[in-house]
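Enquirer: Mind docking chains B, C and D on chain A? Use the hints.
Protein chains: 4
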Amino acid sequence: MNFTSDNSAPASPEILDALIAANKGPQAAYGEDDYTRAATAALRAVFETNCEVAFVATGTAANSLALAQVTPSWGGIFCHPQAHINTNECAAPEAFCHGAKIITVPGDFAKMTGDGLTASLARYPRGPIHTVQPAAMSLSQATESGTIYSVDEIATLADMAHAAGMKVHMDGARFANAIAALNVSPAEMTWRAGVDVLCLGATKGGALACEAVIFFDPALARDFGFRRKQSGHVVSKGRWFGAQMTAWLQDELWLRLARHANAQSRLLADGLAGIPGVRIPWPVQTNEVFAILPQKLDAALRAAGASYYFWPTQGLVPAQAPVNGEVFVRMITSFATTEAEIAQFLQVCRAI
Amino acid sequence: MNFTSDNSAPASPEILDALIAANKGPQAAYGEDDYTRAATAALRAVFETNCEVAFVATGTAANSLALAQVTPSWGGIFCHPQAHINTNECAAPEAFCHGAKIITVPGDFAKMTGDGLTASLARYPRGPIHTVQPAAMSLSQATESGTIYSVDEIATLADMAHAAGMKVHMDGARFANAIAALNVSPAEMTWRAGVDVLCLGATKGGALACEAVIFFDPALARDFGFRRKQSGHVVSKGRWFGAQMTAWLQDELWLRLARHANAQSRLLADGLAGIPGVRIPWPVQTNEVFAILPQKLDAALRAAGASYYFWPTQGLVPAQAPVNGEVFVRMITSFATTEAEIAQFLQVCRAI
Amino acid sequence: MNFTSDNSAPASPEILDALIAANKGPQAAYGEDDYTRAATAALRAVFETNCEVAFVATGTAANSLALAQVTPSWGGIFCHPQAHINTNECAAPEAFCHGAKIITVPGDFAKMTGDGLTASLARYPRGPIHTVQPAAMSLSQATESGTIYSVDEIATLADMAHAAGMKVHMDGARFANAIAALNVSPAEMTWRAGVDVLCLGATKGGALACEAVIFFDPALARDFGFRRKQSGHVVSKGRWFGAQMTAWLQDELWLRLARHANAQSRLLADGLAGIPGVRIPWPVQTNEVFAILPQKLDAALRAAGASYYFWPTQGLVPAQAPVNGEVFVRMITSFATTEAEIAQFLQVCRAI
Amino acid sequence: MNFTSDNSAPASPEILDALIAANKGPQAAYGEDDYTRAATAALRAVFETNCEVAFVATGTAANSLALAQVTPSWGGIFCHPQAHINTNECAAPEAFCHGAKIITVPGDFAKMTGDGLTASLARYPRGPIHTVQPAAMSLSQATESGTIYSVDEIATLADMAHAAGMKVHMDGARFANAIAALNVSPAEMTWRAGVDVLCLGATKGGALACEAVIFFDPALARDFGFRRKQSGHVVSKGRWFGAQMTAWLQDELWLRLARHANAQSRLLADGLAGIPGVRIPWPVQTNEVFAILPQKLDAALRAAGASYYFWPTQGLVPAQAPVNGEVFVRMITSFATTEAEIAQFLQVCRAI
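Chains as they are written, first to last, in numbering that gives the first Met the number 0: chain A, 0 to 351; chain B, 0 to 351; chain C, 0 to 351; chain D, 0 to 351.
For reference, chain A alone in the conformation it holds in the complex:
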């Protein structure tokens, strides 16, 4: 009953099998190997376009490198206050950009709104040297609240961003969960909707450590190899990234794992909905369940061995916020979560 993070899970067996299979014979170093080539080809097939691809070991590196590619040191990066790049990356994007400024765009459920973007942009006119210049809009899909943008919402925001002279970045640490939920094609949810660069995370979705930075316009990837090398993110035995990504994409493993994770959150949320005193503050759309629990229930669950995080409540509107005697928690399910765990968890809830 560990619901702390999809990062707490191991790798899926298929991924490990692929590593074992790749562990033979010499391969060219620094990403010039056969496995990296195969993974790149697989991504191009999945995204139906001749994108430029590079692999790195962490989501923070992927996001920061991608943003630095499109943001000068005097650039502004527009995103929701809850965006991982704003709250949990220790100012890595700012460091990779050698300055820059993250400018927040409000909206419910961790999703930026068009009106919010318009208002935020108004404070950063193009031209005057005294303020940073709009450079990138970053949206998380799925969001840090487990919600998702529709394809139309992405397209609308992307159009606005482009009109303002910005590039569009998508933090896809849980991209697979969003695709599984929306049931659209990867192309539809990205470049056809206006996304310029995607950070596609496989780690949370079942890999050991594998994130792809995908530039849909190859011209945007100019000199990216140097940027990646200089930040120490070119591994010497590139086959490990290639093997992971290839296996993850093969036979839709990534979608099967994501559907499973989403389904567990669905089960969990549905079960919690029937527990007296429990409130679900916003729609459960992917593999994250946020819940307001009575303290007594929280204590019982933890006593029974369940683990999950208390979550910050700043900025929550009253209807979504805990009151005295309640706690606000986040539970994440992964490819490794079992229905038995969910059942056990709900049994504890019902026994109160």
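Worth double-checking, as some hints may not be accurate.
Given that identical chains are not distinguished, each listed pair holds provided it fits within a single copy or across any two copies.
In silico SDA-like links for lysine to any residue, alpha-carbon gap of 25 Å or less [stated by the list, open to error]:
no. : residue 1 : residue 2
1   : K23       : P12
2   : K295      : W310
3   : K23       : T3
4   : K23       : Q249
5   : K23       : E13
6   : K295      : G324
7   : K23       : D250
8   : K295      : I279
9   : K23       : S306
10  : K23       : R329
By construction, these hints were calculated from the structure, which means they are not laboratory data. For clarity, every value in this text was computed on a predicted model and none was experimentally measured.
Expert: Coordinates of chains B, C and D only, in the frame set by chain A:
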């Protein structure tokens, strides 16, 4: 007969077995897991001291993070011109230090000399704001020419560096090969000789991707976690690093693999010594063989399927440099190199 | 009737006279000259402490260099949303810190409150590597709204900042105006109240271009000379800074000029208070007058040759904000503003 | 008899007169003033092209900002080992470029040679991510040894640099002295010969503090205003820069001052040539005299009140280097040096 790099090799089977064993159940993310803890304990045992340890995926990241920890943007980093940080890391150390300057120190066979260090230091007096200030001395053990510093040589250089107000960094991408060659303890070759921070590479020595940054004075590691996170080098599923390093150190696997690699270079060099027209320009001490080959031999070897790199000849003294009709090459052996490959290679040589 | 900025004014005649007097004979370069020494001594006398002093040409440089001295790339800088470092320096503090993050602290009239600081600090716990760490609190005295902190308010905030492990920075672009308004000693308003580093601006107060970075604890200035040199802020003919600052401080010229500037704003505000339809949204405490004007009056003033800026109204509470038919403007008076200009301005107002 | 630096001199009276004349009435801040516009127009006239111009207070800032405009963090900057950017700017170019690497190009008398450039470029092939990429060639005119490149030499090096995909930067801290010596037009010595960006220093040539960054291709100056602002190099009262530069250019004041400075070095060198035991190691072409003096003469000169710097002798060929009993010194003359000073100096020499 692939002698291009020890990076071209796969991982040793023991390392993969450890990954498989670690692939079960939830673990805390971001390096707070049991495997990372075990690996840290293993390193402390091997180095006989309560060092601070952090794991990253690449040698460039390890070196650059370590150097940035002890070098301000106005600092000078003293190293041999052939040092990997100077020649092959795309100015990553400079970027991580936000400026800084690499200052070269001459010496034969890729090893700095004390006289060379004195001369280089003389150009950077302490105090005047117009020049960078001596901050770090970096030595590679083994060097980029496959040679090694004796413990006394390390101690002498380290004393000089400390006297000049610098910290001592060791690039240990091939640390295991050096230990195997010198037959001294890791403690003797590092902190007891004055090394302040070591980048210990397991990747070239049989891991998938695992480098440890080891601060022998824990005070020197202050805030290192933030530096590492901000550069995108904290992987979420830390267990993979922990499992690799633990397996690599267990039962002296690292030394056995290094001894094997060194022995293959020994075999190769001894065999080449008997080939007419072949010259070995400097002592073969670890797992790298540099050789001057007749062009005809080189052509025959490549035709037979051997691969290795032509190597730059700038700065070579005439006695070590190729003349017309000769090529200068580098051959690297690894844990995965077989005696059969060496025998096959030498057979081609002898057949000319 | 130019009230756009105190930057639009020339230099006071006494400053120019000092430059002329200093323009003779050789002087050591790069700040080792007699005039720089004299200015440093004068500042130590004025601040009654053995502070470390360095001169630069711009307020942005002064603020950014000072903040970088106390803020690592993973540090957070806490300030009011209206702070110049947040709104008008093109992310220079972030760039000088190689990352960092400006975290805003709310409060009325451009002044942070203790409660606001507590709330903002709560989002940045010390320890976890995922978020920036509190490093500096920056307060502007006078503020960007022309208001001032009392000595007690400064001391309270500084105590909180120190308790949170932060250093206290004061942006004193209009320090003289604040001193003139509060009628306290420079020592009382700075280091005795807990300020660690002050950026004292003479430019807006009557100099050509002269800002002093003053570290009250000399230990905090360690290596600052290198930081300043590396950013290109060590002028070769240092005498010009020294002569300006010495003249500015001599015989309390700085206070006389500031009192004059403040008095003109007082005259202006008092006059405006009697004009029907004009509202002054917050107390006029130094040399800035913010006013809500009927559009018709604004048009008449501009037609008569008056100049001043329209000012952003984001974040204003309704009582302080313009409604339809009104404009929100900022008017700044300087040492060069004449009573005749104020009278002429008010005459236009009264003639409507 | 102060020959330490042209930075030790005051400003020429004409420059101060211009400041006094500019000290009246309001002007727009941040370089939008009439004086800055006039100076820009004057520079365009002098250089006979529609260049983009920005003013900063120091040569280090000018060079670093110009280089950062054309050099990514993974770029290489090629220059002579004696270049000021390599020896005396505390790694400011590297810091402004966020990394980068200065690569030295050998040559006599502080001048790069074409062969030297070819050899240095050979070590940095375009493409591989492991090494920095050629980005800029920087030449100093006049050089740090007081020598000058002919227009043909500049054009040859610039052609090579362009062919290698680099931009050409000229450090013109003593540009006026070079023009005065070569007697060519500013356009001939810069953009017509292939220079892309010039840092034109007026400070050493008679101003207080005024350096112009001049982009001959306006497209190269894209976003330069943000870069300059973010580094704290946009002064608020821009009129001071504008007034200095306008006065410096007016009626060829800059050339008259430079011719005077050069002539004094000529007088000094000619006089020294007749002193027994004195050697002049290379041609005196502008306003710097390097000399090898008998220690006894040096002592007598200093006793008589003369001042000048001992100069590093590393890298000097034996014919140009001092032996036992000799010292190696640099003497600089400026617009403020008088013939009487030279005569007095030579009198001391002759009296030995």
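Enquirer: A separate judgement is required for each hint: does it hold in the structure or not?
Expert: Here is what the structure says about each hint:
1. K23 / P12: This pair counts as both: shortest intra-copy Cα distance 19 Å, inter-copy 10 Å.
2. K295 / W310: Only inside one copy: K295 and W310 sit 17 Å apart there, 52 Å across copies, limit 25 Å.
3. K23 / T3: Intra 36 Å, inter 16 Å, cutoff 25 Å: inter-copy only.
4. K23 / Q249: Both: 20 Å inside a copy, 22 Å across copies.
5. K23 / E13: Both: 17 Å inside a chain and 13 Å across chains, each within 25 Å.
6. K295 / G324: within (8 Å within a copy, 57 Å between copies)
7. K23 / D250: both (23 Å within a copy, 23 Å between copies)
8. K295 / I279: Cα proximity of K295 and I279: one copy only (17 Å, versus 53 Å across).
9. K23 / S306: Close across copies (17 Å), not inside one copy (39 Å); limit 25 Å.
10. K23 / R329: between (42 Å within a copy, 23 Å between copies)
Figure legend: structure checked against the earlier numbered hints; every hint is met.
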